[in-house]
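Residue numbers (our numbering), protein chains in the order written: chain A, -14 to 227; chain B, 397 to 605; chain C, 39 to 319.
Everything labelled a hint here was simulated from the structure, so no lab data went into it.
Predicted, not measured: the structure shown is a model, and the values here were computed from it.
Idealized CB from N, CA, C, for every residue including glycine.
Among the hints, a few may not be true.
Residues of chain A placed beyond 10 Å of chain C at every Cβ, according to the derived structure [what the hints assert, rightly or not]:
| id | residue |
| --- | --- |
| 1 | V111 |
| 2 | L122 |
| 3 | Q216 |
If you anchor each label on the Cβ, the simulated ranges turn out as follows [claimed, not checked]:
| id | chain 1 | residue 1 | chain 2 | residue 2 | range |
| --- | --- | --- | --- | --- | --- |
| 4 | A | V95 | C | E90 | 30 to 36 Å |
| 5 | B | E404 | A | D185 | 57 to 63 Å |
| 6 | B | I415 | C | I78 | 43 to 49 Å |
| 7 | C | Y159 | A | V95 | 37 to 43 Å |
| 8 | B | W566 | C | K149 | 37 to 43 Å |
| 9 | C | I78 | B | V427 | 48 to 54 Å |
| 10 | B | L592 | A | D185 | 49 to 55 Å |
| 11 | B | R464 | A | V95 | 47 to 53 Å |
| 12 | C | R206 | B | L592 | 31 to 37 Å |
| 13 | A | F213 | C | G219 | 34 to 40 Å |
| 14 | C | G73 | B | L428 | 39 to 45 Å |
| 15 | B | K529 | C | N127 | 31 to 37 Å |
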Amino acid sequence: MDIWQTLGLWIAAFGTLACFSFAFKENVFFHIVESIFIGTSVGYLVVFALDSIARTGVTPISKGSYIYSIPLLLGLLIFAKYSKEYSWVSRYPVALLVGTGTGLACRAIVEVNIIRQISDTIVISVKDFWSMFNGFLMLVGVLAAIGYFVFTLRGKGRVYSGVTRVGRVVLMVSFATTFGNTVLGRFSLFIGSLQSLLSDWIGLPQRIDYLSATGAVAMLLLIGAACFKDQILDKLRGTKAS
Amino acid sequence: MSKVIRREIPLLLVSFSAILMILDYFFPVPVLSSSAKLTNEWVVVIAGFSLCLGATDLIIVNTRRIMRKTPGSGYALLIIISFLLTLLLGLSSPMTKHPAFQWIYDYFYRPPAGTLYGMLALYLVSAGWRAFKIRTFESVIMLVCAWFLIMANAPIAAVVWEGFPSIGKWIMDVPSAAGWRAFYIGAAIGTLALGLKVILGLERGALGE
Amino acid sequence: MGAREVLRTLERLDSRYLFVLVFIVTAFPLVFPLGIPVKISAPVQKSYDAIEALAPNSVVLIGDEFSAPSWTELGPSYIAVLKHLIRKNIRLVFVSFFSAEAPAAFDTMIKPRVDFAKLKYGVDFVELGFVAGGEAALASFASDIQRTLKVDRYGASLSELGLTKDLRITHFSLVVELDPGAHLSEYLRQLQAPYGLRHISITYGVTAPAYTPYLLAGQLSGMLVAIRGGAEYELLIKEPGVAVSGVDGVSTSHVLFAICLVAGSFLSLVNRLLSKEGKGK
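Excised from the complex, chain A in its bound form (with noise of 0.2 Å):
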């Protein structure tokens, strides 16, 4: 393992041990990598975005096609939105990228999501008893969920308030669902935090790294005292905690 290599392992846990320390306490080291974060998160998205313009903009004006030079001059007029004399200028720009967007997203939405969605729903499958049963509890499911979603039609009745009813009971299972599957998602990222500092940096569980053993300790002490800073002063000093 390289010096850079090794170097960029203590920072990377550093960070990882600041943005851990807020869950405790806000602290300052916790806001210098947010910060640090923050700003090159940013910085990798322009750098990308450039290499964007220049490869689909730039680079076919270089072999020839200048009518590329229109998209360009429009992009840059996406600017002049910090003018309050020519912001209007940026609404050309802006128009393009609604209008080309909205039209995309209609166009294929009725088969992806409607139709599809619909024949896969109506089509139950009779194979066996418990296929039968589930292909009909779907296709309940969907029409009570939907049945819950027409406001502009409010009706009354036993029958209108149990299909509504079963809706709102389908759609809490479906928040349901998304819930669990949350905490195995947000675990599954809590976890990678841990293990990029026990096994790639301490070396766990295969070996134990001393000095990045100590090392932790040390940035663990370095961070607490960070965070509780005021209460060891006023210890220090003799005095109540403020």
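On the provided structure of chain A, position chains B and C as indicated by the hints.
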């Protein structure tokens, strides 16, 4: 005249480009196809510039904070320095592939990126302990389904009882999928309605009006 | 301290104690691996089968929307799928439309972990980089690849690379879409609806329930979800990696969460009943 140039022509452009995309999909006419392709390619170029808008706002806001010496202006300076450093390294040759550019990504950007999202796991546990209160029939349903799904996602649950993955799969494939289907159908109808409003010029929010 | 006081204190327990417990419970299996067996789920098996069924030299489009925040959720699945595709001599085209940082993430997190050495650039795989524009870029790419992008990530002309010279969207046998930002709908609208391309999604946990209807309707040929999907796929290709070593943490953390969920609800219910009883007296 000024109103036409400032408002009406952009609205016409929105309608025209939207209709062009839709017609191109359903009618394979060469003129429509080549116009749609050209429009799409122009949008790809323009979109690159729109991504830089956020960076411009970031610089303006943080520069103001530094000039006014507001609390936290030190962090604003750090944001701008790290942005400019990343930008310079990214644009230096070879563009987007400089070793220092990749090094910063791997050791300065990736760790906090994963950790900040991963920390939500801690707050989820806290919310599960404190905020999840059973008050109604629907909340009981939600708790039971969420609980079974959480157990289904844990490999150890299948070792303890084979029913956990089966029940979890059933919940995902039947009632949950039914709810999400309803969302998709409703959202698709909503998208079409909004698209129609955009095409007819009734929805002007996107143009900053 | 009476029982009621204990119950009230527990209900209002400082979250930081819970955080420490979460750290210990999740980190324990990373230090002392438990080796809990992982059952292969149907969506992951379907993904594996879909790739197994590909003929050698088929071309697969990788919708590389990967990014740093999605490392453990998508990374292990991504790496395992790439290893499988490379093993089957499938030609790969990498491109991203929604994640600007994807090329950087690919360079730093994926390339060091996947052996591209035996592949020839331009013939076996091509990196097209990030194309701004989202769905518009997808649609433009699908209608004409060489017109949308004249050059690849490294500045080489697409008309000079063997793989991309005459490449059309209909030449792709499969699309593997990495999905940290819920963009599967855009891929289906622009690639599947008009051209009928088969899709596999490597997705976040939070979006998996939302994508199940697509899986059931046959619009998705397979789905890998978070670190669990990655672990299952690593086991299927018989190359355990990051996901298999981390998935024990999923077991312990989820059991803890399930206990917290039930205990927290039980505590609030009991305290509510006890306080009603107290008022009644």
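Hints and how they fare:
1. Look at V111 (chain A): its CB is around 17 Å from the nearest CB on chain C, clear of 10 Å, so calling it non-interface holds up.
2. With 10 Å as the threshold on Cβ separation, the claim that L122 (chain A) sits away from chain C holds: the shortest Cβ distance comes to roughly 13 Å.
3. Taking the minimum C-beta to C-beta distance to chain C, about 14 Å, the non-interface status of Q216 (chain A) holds against the 10 Å cut.
4. At about 33 Å, the beta-carbon gap between V95 (chain A) and E90 (chain C) stays in the expected band of 30 to 36 Å.
5. Evaluation of the 57 to 63 Å hint for E404 (chain B) and D185 (chain A) yields a pass: the beta carbon distance comes to about 59 Å.
6. For the pair I415 (chain B) and I78 (chain C), the beta carbons lie near 48 Å from each other, so the given range of 43 to 49 Å is met.
7. For the pair Y159 (chain C) and V95 (chain A), the supplied restraint of 37 to 43 Å holds, since their beta-carbon distance comes to about 40 Å.
8. For W566 (chain B) paired with K149 (chain C), a C-beta distance near 40 Å keeps the hint of 37 to 43 Å intact.
9. The hinted window of 48 to 54 Å between I78 (chain C) and V427 (chain B) holds, with their beta carbons roughly 51 Å apart.
10. A hinted range of 49 to 55 Å for the beta carbons of L592 (chain B) and D185 (chain A) is consistent with their spacing of about 52 Å.
11. Distance hint check: the CB atoms of R464 (chain B) and V95 (chain A) are about 52 Å apart, consistent with the given range 47 to 53 Å.
12. Hint check: R206 (chain C) to L592 (chain B), Cβ distance near 33 Å, so the stated range 31 to 37 Å holds.
13. The supplied range of 34 to 40 Å is met by F213 (chain A) and G219 (chain C), whose beta-carbon atoms lie about 38 Å from each other.
14. Distance hint check for G73 (chain C) and L428 (chain B): the Cβ-Cβ separation is about 60 Å, which falls outside the suggested range of 39 to 45 Å.
15. Between K529 (chain B) and N127 (chain C), the C-beta spacing of about 56 Å breaks the proposed range 31 to 37 Å.
Consistency with the previously given hints fails for numbers 14 and 15, ordered from lowest to highest.
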